Amino acid sequence: MRWLTLVGVAAVVGGFLSYLAVPRSDAAVSAAAAPAVQSRSSADDKRIYLSPDQRREATGKAGFAIAPRSLLRVDRRLQYGEYEWNAEGVPPGPVTVRVDLRTQLMSVFRGGHEIGTTVALYGADSKETPLGRFPILWKGKNHRSSLYDAPMPYTLRLTGDGVAIHGSNVRWGAATHGCVGVPTGFAEKLFAATKIGDVVTIVRTKNGTAS
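For what it's worth, the UniProt record's numbering labels the leading residue of the sequence shown as 1, then goes sequentially.
For the record, the hints were derived by calculation from the structure and aren't laboratory data.
Nothing here was measured: the structure is a model prediction, and the numbers come from that model.
Backbone N, C-alpha and C define an ideal beta-carbon position, used for all residues, glycine too.
Taking CB as the label site, the calculated pair distances span:
id: 1; residue 1: Gly140; residue 2: Lys206; range: 28 to 36 Å
id: 2; residue 1: Ala87; residue 2: Asn169; range: 22 to 30 Å
id: 3; residue 1: Pro52; residue 2: Asn169; range: 34 to 42 Å
id: 4; residue 1: Ala174; residue 2: Arg204; range: 14 to 22 Å
id: 5; residue 1: Gly160; residue 2: Gly89; range: 36 to 44 Å
id: 6; residue 1: Ser145; residue 2: Pro91; range: 32 to 40 Å
id: 7; residue 1: Lys46; residue 2: Arg144; range: 31 to 39 Å
id: 8; residue 1: Thr184; residue 2: Arg77; range: 18 to 26 Å
Capping the alpha-carbon separation at 20 Å, the derived lysine-lysine pairs in PhoX-like fashion look like this:
id: 9; residue 1: Lys139; residue 2: Lys195
id: 10; residue 1: Lys195; residue 2: Lys141
id: 11; residue 1: Lys189; residue 2: Lys141
id: 12; residue 1: Lys206; residue 2: Lys61
id: 13; residue 1: Lys139; residue 2: Lys189
id: 14; residue 1: Lys189; residue 2: Lys46
Model the full structure from these sequences, guided by the hints.
Structure, rendered in structure tokens:
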């Protein structure tokens, strides 16, 4: 199960967005995407670079805190519990995180270059994950929920009432109490890559536009 990080590149007036709507595979460089997405070179087969128009559209319509410059090329569907992480060659820069509740995909960017992506869990109907833009308020490597008496490794707290990103047993059919759950190995990498104040954007896309 899992949806690509470069997704439906031509969905919005031939532009970048229905970010995350097709399987993460060679569809990313399909005929629909080809006019706007170019690989940097044959030697660089790990990334898909976005055109200036796609960067502007992603920022304006898809809820990106910083316009994405490149996406990881993932040539398979990501299953629950799987992730990709590759920061090789990516220069230092501000780290931002984007979560799309519709596609259940989290993407981590550094300086606009995607360095990680995974399938994420989110809150059930009775405990919905909030939408919006949230700075990381607090980090706890070995945190345990006092409310649910459950481990929450590599916690990144986003709200005053406890909504956070944390390591979870990510599996089909599971949900959270409003947090964003990611595989623990991914959560560890995210914990190391982020600092307090870094921005997490949570959206629920519809027709390629973030709500």
